[in-house]
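**Q** We have chain A already, so just place chain B on it with the hints.
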Amino acid sequence: MRRKGWIWQVLLLVLLLVFLPQCSRKVVKHDRGVAPEEEKALKEERAMIEERGLREERERRVLEESLAKSKYPGIEGEVWESTLLKDIHFEFDKYDLTTEAREVLAKNAKVLLAHPNLKIQIEGHCDERGSNEYNLALGEKRAVSAQIYLTKFGVRGNRLSTISYGEEMPQDQRHNEEAWAKNRRCHFVIFSR
Amino acid sequence: MRLSDKVYFMVLLLLIAVIFSPSAGRGIIYIDIDSPHIRKFYLALPEIKELGSAPREIKKEIEKTLAQDLTISNLFYLMERERLPQKGVYITEATVDFSAWTGVGAEFLLSVGLAAGGDKVLTEFRLFDMIQGTYIAGKRYRGSQEDVRTMAHRVADEVIYQLTGERGIFQTKIAFVSNRTGNKEIYLMDFDGKNQKPITDNGSINITPAWSPGAKSLLYTCFRRRNPDLYQVFLSPRRTILLSAVTGLNAAPAWSPDGKSIAVMMRGNGSTEIYLLNPRGKKPSRLTRSWANKASPTWSPDGKQIAFVSDRSGSPQIYIMDMPNGKIRRLTYGGRYNCSPAWSPKGDRIAFAGQEGGRFHICTIKPDGTQLRRLTREGNNEHPSWAPNGRHIAFASNRRGNYDIYIMTEDGGGPWRVTASRANETEPAWSPWLK
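Line by line, the protein sequences are chains A and B. Take 1 as the starting number for the first sequence in my numbering and just add one per residue. Take 1 as the starting number for the second sequence in my numbering and just add one per residue.
No lab work stands behind these hints, which were simulated from the structure alone. Here the structure is a predicted model, which means the values were calculated and not measured.
Derived lysine to aspartate or glutamate pairs resembling EDC-like cross-links, with alpha carbons at most 20 angstroms apart:
1. A/K94 - B/E356
2. B/K49 - B/D147
3. A/K71 - B/D201
Listed next, the stretches of chain A that the computed footprint assigns to chain B, with coverage defined by at least 3 CB atoms under 8 angstroms from CB atoms of chain B:
4. 75 to 88
5. 130 to 137
6. 140 to 146
7. 153 to 165
Ideal Cβ positions, reconstructed from N, Cα and C, are used throughout, including at glycine.
Chain B with its partners taken away, still in its complex shape:
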């Protein structure tokens, strides 16, 4: 007993030293995700070591969540546990045996320790580069038993940040539409489908959810007043306001990156046009003008361009408007039906749903119209929405019969199904960074 206390104390001391050490990891990119030759790395994630007493369910929950997040990052092969050396130890700089790990082919090692007392949970990790034989980083998190998934997501986010220099997406959320109550309502969930909560509960038709830049509120369209009106719901504390109720459409809102205007579909002169509203939903000013229908505006991350759908060629295609001069150019030429453009937060690609062989698939294309890529293979796949890292895409697919939300990487990796109800889950809207 005294011995283990001593070990624990030493570990703590070491950890504190590590956290405050100026040479801790940052600044070095271990995995260059922008490299065209990127491959997956072998990551060892040994069984979590209990540093004190910890309920089995908590340990399992953290292990499962961590493995899930690291898998979804699509950067690693998670190594089989049986083959791993140094079993049953919380591995620190003092105890790590690099050669034993390189011997089984590990390139990175993520060692996780856990202690729980009462409602309090403490999680800590150490991350090593086995090839170079270096310690990368370590951190400790405290929380209550309800927070264990969040703690696991934070560990995963930190691992991604330490290795790639980019933020992880594991604490982001996805808004979506579900008809599980018999009508379409807006819901919110963690990016992995957990913690689903209703945002609207009005029994009407609620569609086209969209995030405000600071993620404090969602815009959506509701038919409650026998007109597709635009509403804004603030998430905390929960409060809903009617933002725009012009006769005709007030739909498919897209907030400009600077938060100063909202692009929206509205009734023009015999056709649907893209309008800009101010943040209070007032002063509509028309952006497009022709006999053709326009739909689904999406902003470039610099706020200087808007991509949208127009049927001016006779079928829905995607166009880009330069905001200062109003010049419009056509982006998509392949196929008879291209819709739902979503501009990547990195700016480098536009995702959309395109019809091919009678089914819709998620594709991406560069804003200059080159490098068209199709990312999905089965079922109908619609309504892409980018994660804030610009590397993951959420979409709705009916490949298993009803519509569910899936996520995948920008090159089609995965995909992972994150909703599993018997109803239809559609129109995912991935949140911006939340913290």
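Looking at chain A on its own, in the form it has when it is part of the complex:
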């Protein structure tokens, strides 16, 4: 008899623990006697929060779907590339940002602001013309240009590291204007998310 009573007590406690939070929320709502406008505002807020949650969830999903693992041959570590973070391009022997590059960077900044956990590396690349040593310096400057511009949108600097590959990693192996234009770029890779 005593033994059975103990079991019932435990069951009751468990039931209470499960249902009490929901009960109490309902209870509070009704007990306070909330005015209809207030209730409407609350509803809207809840909807907004829910919507934001959904939107964040959606953005996270979009980001996840945009990711691809990236491994450079002969270089340690695996990073991700996202189709949401677009390359920017430069004129020959220049590191200042073109109007087009600024527009792309604005969109990239949006992505970074929407995903505050992302830490990225900005890679500066050059075309093959000129000395590869000078191009190392030029690639560095291109990466820094992009870095500074991104911080203007409020992206924290410690999320943006830079590296220069100079002319060592052409995207297009050919030796003509079209290839060179593609190769003068900043590329963005994700270190952590």
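**A** Coordinates of chain B only, in the frame set by chain A:
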């Protein structure tokens, strides 16, 4: 048989006498290479005479190597063999017929003898000044069959030394970068492209090789750790250490002539600057300071100045910094893109790559900015590197499609292609003297 043995013995005796004779050649300059009126001299290099038995391949290899070296010295016209007198003889002081040689226009005669037994090879030479009718020098070298090219290079080095009073470059090496495996690795070869051997084999990007002053090690930059870090590889025994791994560039190293510091490109404050490291790669101290990019430091041979590239004028140009006071002056004004300065070991000129008509060419200029000379004509020509004699320059050119290493004399003589792979060979770094 007995007779030839006798002749050989006499030759040996004579040779020993010659080697130990105090009046042997040295001290007299036969060819003044610094003269502004220098012309090429007619040198007779008759077919090598076998003093004993010698395999044909060895003889051919030595002949080919000698002819190549003497051609690359760019001091001689090698005379056609058919016209030469005294055929089939190893010519010594006893047998030389000066008038017969001057009769065909020879100014110098290099007679080479060869004997091989088992794995052992013996090479000896006699050098004559035909115009003055004098014997200049003679030497003998021993080695194994694998060493025959080295022996030929030693003969050529000695000939150059006897005639000009300067060391020859024929036993030096060139480090370079090749993408023959699909990625850029550092390799080492003899100055003439022979004996190519990999120095790095890590599958990453390896660039900007540079020699230490004693030629015991090479510095280079590698991206293996996802950062352009500086490594030092000791050649014998082979050992590699990570020298500098500061975030950002650790690239384009240049060891000071006294071996006490390494100039290198590193990340400054928004721009790339020239830093000095100690020989252990530590304690970086910034040498340059501005918003402009700096690249490619090269030391004057007295260690008091550094030339480098800066884009402070809006395009890459070469500047020189005085080390004690930090004063900087601009060296190049012509053209929109001048890069890759290399200070001659003689100190008299700075070689660089300059853009002209859309292509890069190797030029030299005096450190005071006068006497600009363009040395190449075809293709793109980049990354000059001086031989330790300050008279030859290695560079990379794509005049035949892909990039190969070429060498030429300081006035553009040659050039001679020394690599011939279907990949790209770039960034030659000519070694200091090795012995």
